[in-house]
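For the protein sequence lines, the chains are A and B, in the order given.
Sequential numbering of the first sequence, starting at 1, is according to our numbering.
Sequential numbering of the second sequence, starting at 1, is according to our numbering.
Please note that a few of the clues may not be correct.
One copy or two, either will do: identical chains are not told apart, so a pair holds if it fits within one copy or between any two.
Below, in silico cross-link-like pairs of lysine to any residue (SDA-like), each with a Cα-Cα straight-line distance of 20 Å or less [stated by the list, open to error]:
#, residue 1, residue 2
1, 311, 393
2, 421, 432
3, 421, 438
4, 253, 63
5, 421, 434
Simulated from the structure, these hints should not be mistaken for lab results.
Number of protein chains: 2
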Amino acid sequence: MKNLIKLILIPILIVSCETTTPYDQETADVITRFYGDALGERESYNLLRDLSKDIGQRLSGSEGAAKAVLWSKEIMEGYGFDSVFLQEVMVPHWERGTYEECFYYEGGKKINLSILGAGGTVSTPFEGVTAEVVEVKSLEEVDVLGREGVEGKIVFYSKAFNQRYINIGTSYGETGFQRRLGAIKAAEYGAVASIFRSLSSSNDDYPHTGSMSYKEGVDSIAHGGLGVLSSIKLSEKIKADPKTKLTVRLSGKWFPDALSHNVIGEIKGSENPDNIILVGGHLDSWDVSEGAHDDGAGCVHSIGALRLFQKQGIKPKNTLRAVMFMNEENGLRGGTQYAENAIKNNEKHIVAIESDASAYIPRGFGFSGSDEQLEKIQDWLKYFDKNTISYFSKGGGGADIGPLHRRTGTPMFGLSIDGQKYFEIHHTAKDVFEAVHPREMELGTASMASLVYLIDKYGL
Amino acid sequence: MKNLIKLILIPILIVSCETTTPYDQETADVITRFYGDALGERESYNLLRDLSKDIGQRLSGSEGAAKAVLWSKEIMEGYGFDSVFLQEVMVPHWERGTYEECFYYEGGKKINLSILGAGGTVSTPFEGVTAEVVEVKSLEEVDVLGREGVEGKIVFYSKAFNQRYINIGTSYGETGFQRRLGAIKAAEYGAVASIFRSLSSSNDDYPHTGSMSYKEGVDSIAHGGLGVLSSIKLSEKIKADPKTKLTVRLSGKWFPDALSHNVIGEIKGSENPDNIILVGGHLDSWDVSEGAHDDGAGCVHSIGALRLFQKQGIKPKNTLRAVMFMNEENGLRGGTQYAENAIKNNEKHIVAIESDASAYIPRGFGFSGSDEQLEKIQDWLKYFDKNTISYFSKGGGGADIGPLHRRTGTPMFGLSIDGQKYFEIHHTAKDVFEAVHPREMELGTASMASLVYLIDKYGL
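Bound conformation, chain A alone:
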């Protein structure tokens, strides 16, 4: 019986330990060429230069966004993708106004602080609002202060990034309430304006913007972010003189929703043209930057991934679709509309993959799908250099593909990228092409192409 057990054990052990497939040299060679072509030719990087420098800012509803839509369409048409088309999306349309200022006086001298209105802020009067400042580090503190402590004042949310986290994005999560919900909470107790320390890990004075909310039934007050150094300076000033009067001048205007578009390019599948593998990023950016990392990179990662298939003359079995989503930053209308259309048109998506975590160096992929699928794909790590994609982890995807995932159950991946420096440039004027490294960015393109190839060849 001992021998019998051994005989049974051996195959079971092999099967149970790993769901391995034989090493496929053709796959390895294709992937090596994906990386080589991306790094050697830098085509995505050159696209990113054009998008960043020739078009630049492209907030939803702006002229830049409209230009970016046409640019993406023309690029993919120029590459000879099998099908390139626009998908209509109505987007919110807010524009920053002409004045933005924050200052106090010290010994008769005007001390200027660096400020940027949150995306969506209403305007103060032209002369600004001038009032005492009350500094808090949480929404709860505003509740505790109540109307007595807040009415007629400017609320200053000064919660700083915690640098102790390995994943500095955790700090972004912890401080995000200041920008997103700060104006509502302050206005509930009668504040005349609200400001916040930029959600930034840097130690400079570039203020940061991003989406914010108002609430029906609560006054809309102007809301803006201070640069980190300006925040520190203001905290010190208030500590020295709690009666400090601050002036905040912010301007922004809401327009009716505007017509814009998701841009879609396809390489048709040779065996199952109705099965779609989606790769995407978002085309819109904040108005103060070139949106090079956020998310020009994701767009050119996606176009570039399809382009790498073309370069090798690989005919995918399933249809590859690159999607430039519109309006991730302040509405997610593009992602929502895309899911709506996909359901209406009975489209079958095998998987959706998003890159919206910058152009820095890739580390892995997050995955939201079944545990069985997650276990299966671990075996694919053998085709990746460990210094590019070193893991497939549970959870993750992307904001734009989230609606499709939630409404249709389509499994989704998100490209995980080293985030150590991201929150120094995120949503600031520093998010420009020069902050992108060609090799780091191209590793993202090749990683996207490689994952698409593996899914197309072996299924999920």
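We have chain A already, so just place chain B on it with the hints.
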């Protein structure tokens, strides 16, 4: 029997699939604090600022090197390490001279090329050598040209980095012969000087230096590296006019070997004080840079690792030893002497860990030891955030700990760091403190401390 097989199968399967140990929450907490303290307090980064800015260049035998020895000793004494001492090492002593120039004339106009003598070059006459240039891409091409094609000429090695590799260090390996062996090969056929395209992945004009060799019985000729853009310009010029006369002026001087030191600091082991866990980097740098990445980072990673133990009040079981090796760049005398002394003094090293791959973001550890050890330590990955240390791979270590490893069999680790940008600054004037990111660097310090802790606690 079926049931019996099942009973036997279950434990065997568990044991066979992974050599797992129970998750040790204390270990996890300690490691979390290592990372938190490093990122939050940035003490290693501040040390690196002092080493880079107050001392700067520290080529073996220089005043800078001597200052760095004292600095390291004082820092570790200041931290109250249990024992801090110097280990004498005789090092080669070469100094760059006063003139360095490379030019040709075009239409009567002097065209300057950016050049840097290789470390160890002899001088040309003050007025330089002026001769026709012969361009090659390999040592073999020089052999083919022979004396007829080379005598009296300047040999120009112009092999470029291949950008297609994911690990750009591969290109450094492929082009290294130009700097290391180029002068010997050229002189064998009577060349009057030799120059080479810098071993660089960048597209700028900062020339690169590094060690080179001469050979007994072969003339020593001056040998220097051109900036990448200068190399490209010279290639074009030669193509247009093969009779182009180039002038090379280089200067450098050899002095007698100098007395220098490895610097060693220890925290004594509470249980096995005679067992040593070594962490180290090299203190010397090239003369044209601050040696911030190469290898100031490795030094402060190592001191910092011990410091992180101190901060938590952790008493290691084994003795932790931080070693700042001298003379990695042009002789490896420090590493060689260290091994010699270790053998002479019957020291018992459990393991040696080196950081000499820059201050960029860590990716994993390379390991040279037994396969059983490598399998065992895979289990430790569960204590690392996947965006810091994501692998333990076979092979690797460090130049300085190599002699100890080879002569005593001590297992060795090398900290693997993302190398995408390293060969843009390596051995150039761009290797300065400003090129180091605090969070990336501190993740290295904490990774070193964590590995030391795991080895100290669980053994190898």
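Going through the hints against the structure:
For a Cα distance limit of 20 Å, the shortest separation of residue 311 from residue 393 qualifies neither inside one copy, at 30 Å, nor across copies, at 32 Å. Taking the closest pair of Cα atoms, residue 421 and residue 432 come within 20 Å of each other both inside a single copy (13 Å) and across two copies (19 Å). Taking the closest pair of Cα atoms, residue 421 and residue 438 come within 20 Å of each other both inside a single copy (16 Å) and across two copies (10 Å). Taking identical chains as interchangeable, the C-alpha atoms of residue 253 and residue 63 lie at most 20 Å apart only when both belong to the same chain, with a minimum of 15 Å there against 63 Å between chains.
Within a single copy, residue 421 and residue 434 get their C-alpha atoms as close as 14 Å, and across copies as close as 14 Å, so both meet the 20 Å cut-off.
The earlier numbered hint that this structure contradicts is number 1, and it is the only one.
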